[in-house]
Structure formats: C-alpha cells, structure tokens
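Here the protein sequences line up with chains E and A, keeping their order. Position 153 of the first sequence, counted from 1, bears residue number 153 in UniProt numbering, the numbering being contiguous throughout. Position 66 of the second sequence, counted from 1, bears residue number 66 in UniProt numbering, the numbering being contiguous throughout.
Hint data in this document are derived by calculation from the structure and do not stem from the laboratory. C-beta atoms are modelled at their ideal positions from N, C-alpha and C, and glycine is treated no differently. Treat the hints loosely; a few may be bogus.
Said to hold, decoys possible - Heads up, simulated DSS-like pairs for lysine-lysine below, C-alpha to C-alpha not over 27 Å straight-line: (1) E:Lys217 / E:Lys24; (2) A:Lys191 / A:Lys45; (3) A:Lys140 / E:Lys94; (4) A:Lys191 / E:Lys94; (5) A:Lys124 / A:Lys220; (6) E:Lys24 / A:Lys166; (7) A:Lys220 / A:Lys166; (8) A:Lys45 / A:Lys124; (9) A:Lys140 / A:Lys166.
To be verified - Chain A side only, calculated, beta carbon under 7 Å to chain E, not exhaustive: (10) Ile69; (11) Ala82; (12) Val199; (13) Ala201.
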Amino acid sequence: MELDFSVVIEYFPRLLSGTWMTIKLVILSIVLGAIVALPIALARISKNPLISTGPFAFIFFFRGTPLLVQIFLVYYGASQFEAVRESFLWPVLKEPFWCAIIAFTLNTSAYTAEIFRGAIQAIPEGEVEACKVVGMTKAQMYRRILLPRAFGIVLPAYGNEIILMLKASALASTITLLDLTGMARTIIARTYTPIEIFLAAGAIYLVISIGVIYIFKLVEKRQNRYLGTLSIKVPDKG
Amino acid sequence: MLDLHGFGDQLLQGASITIQLALSSLVVGLILGLLGASAKLSNIKPLQWIANFYTTIIRGVPELLTVLIIYFGATTVLMSIASLFGYEEYIEIGPFAAGVTALGLTFGAYATEVFRGALQAIPKGQHEAAIVLGMHPRRKFFRIILPQVWRVALPGIGNLFLVLLKDTALVSVVGLEDIMRKANVAVSNTKEPFLFYLVAAFMYLALTIVSMMVVYYLEKRASRGLTRG
Numbered sequence: 001m002e003l004d005f006s007v008v009i010e011y012f013p014r015l016l017s018g019t020w021m022t023i024k025l026v027i028l029s030i031v032l033g034a035i036v037a038l039p040i041a042l043a044r045i046s047k048n049p050l051i052s053t054g055p056f057a058f059i060f061f062f063r064g065t066p067l068l069v070q071i072f073l074v075y076y077g078a079s080q081f082e083a084v085r086e087s088f089l090w091p092v093l094k095e096p097f098w099c100a101i102i103a104f105t106l107n108t109s110a111y112t113a114e115i116f117r118g119a120i121q122a123i124p125e126g127e128v129e130a131c132k133v134v135g136m137t138k139a140q141m142y143r144r145i146l147l148p149r150a151f152g153i154v155l156p157a158y159g160n161e162i163i164l165m166l167k168a169s170a171l172a173s174t175i176t177l178l179d180l181t182g183m184a185r186t187i188i189a190r191t192y193t194p195i196e197i198f199l200a201a202g203a204i205y206l207v208i209s210i211g212v213i214y215i216f217k218l219v220e221k222r223q224n225r226y227l228g229t230l231s232i233k234v235p236d237k238g
Numbered sequence: 001m002l003d004l005h006g007f008g009d010q011l012l013q014g015a016s017i018t019i020q021l022a023l024s025s026l027v028v029g030l031i032l033g034l035l036g037a038s039a040k041l042s043n044i045k046p047l048q049w050i051a052n053f054y055t056t057i058i059r060g061v062p063e064l065l066t067v068l069i070i071y072f073g074a075t076t077v078l079m080s081i082a083s084l085f086g087y088e089e090y091i092e093i094g095p096f097a098a099g100v101t102a103l104g105l106t107f108g109a110y111a112t113e114v115f116r117g118a119l120q121a122i123p124k125g126q127h128e129a130a131i132v133l134g135m136h137p138r139r140k141f142f143r144i145i146l147p148q149v150w151r152v153a154l155p156g157i158g159n160l161f162l163v164l165l166k167d168t169a170l171v172s173v174v175g176l177e178d179i180m181r182k183a184n185v186a187v188s189n190t191k192e193p194f195l196f197y198l199v200a201a202f203m204y205l206a207l208t209i210v211s212m213m214v215v216y217y218l219e220k221r222a223s224r225g226l227t228r229g
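So that you can see chain E by itself, here it is in the shape it has in the complex (with noise of 0.2 Å):
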C-alpha cells in the first residue's frame, strides 16, 4: 500500500473552504438552537400537561429519529407540498444550506432542551425559596438567579452538545453541501484517494473538536469562578 499524502498539501485549500464551511453551519445552529431550547425548556418543566406535552413528543422525536432522516425531510420532503413550493418560504428552502440549518438547529434544540431542562431542576430548591423570600418575581428570580446558575451548570454537557453537533453536520454533505466531509468526497471522486484524503479531514475535525474542548474549559473556570472561594459542589448533571 502506497499512501501519497501530496494529495492532501495540494488540495488543502480546498478542505479549508470546505472546513470554514462546517463552522459556518455549527455556529449558526448552535446559536439557533440555543435561542429555540431555552422556551422548550422551560415549556416542558411546567406542570401543566397543556403545556408540557408538546415539548415533550417535539424533544422525544427529534432525539428518538436519525438526523439523517430529519434532514432528508426537510430537504426532500418539504418539496413534496405544491402549497410549500408557492409559499414565500421557498427561496429558504429550496437552499441545501438552509434545509440542513433547519434540520440541525430543531435536531440540536432538542438535545439542548433536554440539557437546560436538566439544568434548572439541578439548582437547589433553597435557592428558589430565598427567591421567594426576598419577593421576587418569577420573571426576577429566572433572569437573576436561576438561569445565570443554570448556565454556570450547563456548560459541560454544552460543550459535548457542540462536539455532537459539529460531528453531526457531516451530515450535510448528503444533500450536496460542501462541507469539510462533502469537500472531501469531491476531491476523492477526481483522485481515489480516499485513504489520505478522508484520515485528513479526520485529523481537521479532531483540531476543532479540541479547540472547542479547550475554550470550554476556559469558559467553565471563568463562569464557576465564585465556586472556587466557596467551595461549593456543582451538582454533575446532564
């Protein structure tokens, strides 16, 4: 087996188009997602059935099916609707960037939700009673007390989510998109060197999967700084 990993120099600028693709798409469903699971969250804690319910089966499906199958609903599926292919909506979705967008912000909502959720019940009871004791609203006490806490606890098991999310978005290059895994499907089609070219897109991801590792810590020991003086234990849930 002869390995020639020239190949992987001379088209490195390609598989650098093809990564800052991928970080597009991970940021923006990230940023998305987060937007979209904190309702979500906090919808499916609430007692009332009418209200939980549907976040409920919203996070059971989208964590209970394959992306892949997500994906390809969106991207092919919406198209099967005459009424979705008059609407104004089109222009978006007629776009494989804005189908896999879509798919992997709701895939990721889902996942996120579930982290927030996990979150919020985490912080002690007491802390919402003294909430309550000094008279705060309960628009007050999320704002100032209970969501910054829970941010505080979310973040690693956040900083998985984007690892997930970042390995999920290979996923893209099913529908034609030229991620960092598309772009190196096309370059192999012109060379046949999957070997080389496929370990290098391999060795780039395993680079943003660390960095994104290593800023998380960062942000962790920056955000449960007031832990350190008090010596209190953060609650390790998921």
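With the hints as your guide, set chain A onto chain E.
Then chain A, alone, in the frame of chain E:
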C-alpha cells in the same frame, strides 16, 4: 389510510437489516469496550496509550466519516495486506461489514469510558473477597466483577445503544439496504418524499421505544439483587 404504494414490505425488510446491523455492531462494540476499559485500567503503559489513542480519535471524528473511511479504505488496506501473502485478486468488503466495523468501533470507544467508570465503581472488597475464596482471576472476573459492572454500566450502555440505532442510518450512504435506503428507493419511485421519510422516522422511533423498554427490563433484572432502603 396510509398508502405506501406497495413499499411497506420493502420498508419492513429494511427494518430487519437495520436491526441486524445494530445488534451485530452492539456485540462488536461491547467486546471492544470491555477490552478498551481493561487496557485503560491496566498497568502496562503501551496498552493505556493505545486505548487513549483509540477513544480520542474515534470520538473526535464524525461517524459518517468513520463509515466512509472504513468502506472505501478497507479495500485498499486489505488488498495490500493480502498482496504481502501473494494474493493478488480484488477484495471488496460489503456495506454491512463496513457498517458493523465502523459502528462497532464507534460504540466501543464510548463504551470504553462507560465500562471504565463501572469497573472503578466496584468496591475493592469485592475483589479481595473473591481472591480470599480462592477464585481464579478469570473466574473472579466472570462471576463477581462482570455481573456488577453490567449493572452499573447498563444505563450508559442503553443510551449508547439508542445512539447506535440512529447511527445505523448512516450506513445507507454506502448502499446498505436498511430502512433509510428503502425509503430513498420508495421516494424516487413515488415522488412522495415527505410521506416515506416520515414513515421511516416513525419506524426508527418505534425501534427506539422497544429498545428503551428492553433496557428498562434489563436494568430491573440486573439490580434484582439490590434491596432499596
């Protein structure tokens, strides 16, 4: 009601392939996980390095890429090994074998961490008691340690199996005739993508629910020796 244009049978056949793939990968992954955990906890440094290298690489690379590397790369690697022994014919591995290898490797890497935690959770006294009773190390492992590791590791392993079940869909990309691939075929024949992908989604959902029930039953069974309170 639901008109599947006669593709219902095909989808069920696909489900059978999906289940076979998931269970085969589970077996491979459990073995790799136990080996990986033993290697990480062993005193032999090179074994620890290999296990750490394995879990870091596999967990940092997308599952789709692992499937593609195995499917397209294994042929080259196997042929070059075979040619060392003077075998020059073309060797090809099918999508099923590639899928089991890739998903088994992925499952094994995550299971390594789960088993490592479980092995460390077994109190030292259990080891000592088994040795005092004069058990051979292998007997100690199978009779005393493994049943307890199983109980501690089950929730984690159950979650990993649900992830594995969904990852099987990726192998359709290299042409395995699973639920996803059958749905693709049905879509190209009927031009009803939404219907068939939704049916596929609910088939995966049904498999997920069944797996959750099995895991729940196994967890109950595994902790039957424990009295609460």
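Do the hints match the structure? See the list:
The hinted pair formed by E:Lys217 and E:Lys24 meets the criterion: a straight-line CA distance of about 22 Å does not exceed 27 Å. Proposed proximity of A:Lys191 and A:Lys45 is contradicted: the alpha carbons are some 57 Å apart, above 27 Å. Between A:Lys140 and E:Lys94, the direct Cα distance comes to roughly 61 Å. Violation of the 27 Å bound is thereby established for this hinted pair. A distance of roughly 16 Å separates the Cα atoms of A:Lys191 and E:Lys94; the hinted pair therefore holds under the 27 Å criterion.
With a C-alpha separation of about 25 Å, the suggested pairing of A:Lys124 with A:Lys220 holds against the 27 Å cut-off. Taking the CA atoms of E:Lys24 and A:Lys166, the gap is about 25 Å. The hint holds against a cut of 27 Å. Taking the CA atoms of A:Lys220 and A:Lys166, the gap is about 24 Å. The hint holds against a cut of 27 Å. Under the criterion of a C-alpha separation no larger than 27 Å, the hint pairing A:Lys45 with A:Lys124 is consistent with the structure, at around 22 Å.
Using a Cα cut-off of 27 Å, the hinted pair A:Lys140 and A:Lys166 is violated, with the two alpha carbons roughly 36 Å apart. A distance limit of 7 Å between C-beta atoms decides the matter here; for A:Ile69 the minimum to chain E is near 5 Å, and the interface restraint holds. The restraint placing A:Ala82 at the interface with chain E is violated, with a minimum CB-CB distance near 11 Å, outside the 7 Å limit. Among the interface hints, the one on A:Val199 is violated; its C-beta lies about 10 Å from the nearest C-beta in chain E, farther than the 7 Å criterion.
Among the interface hints, the one on A:Ala201 holds; its C-beta lies about 4 Å from the nearest C-beta in chain E, closer than the 7 Å criterion.
In the structure shown, a violation is registered for the earlier hints numbered 2, 3, 9, 11, 12, in ascending order.
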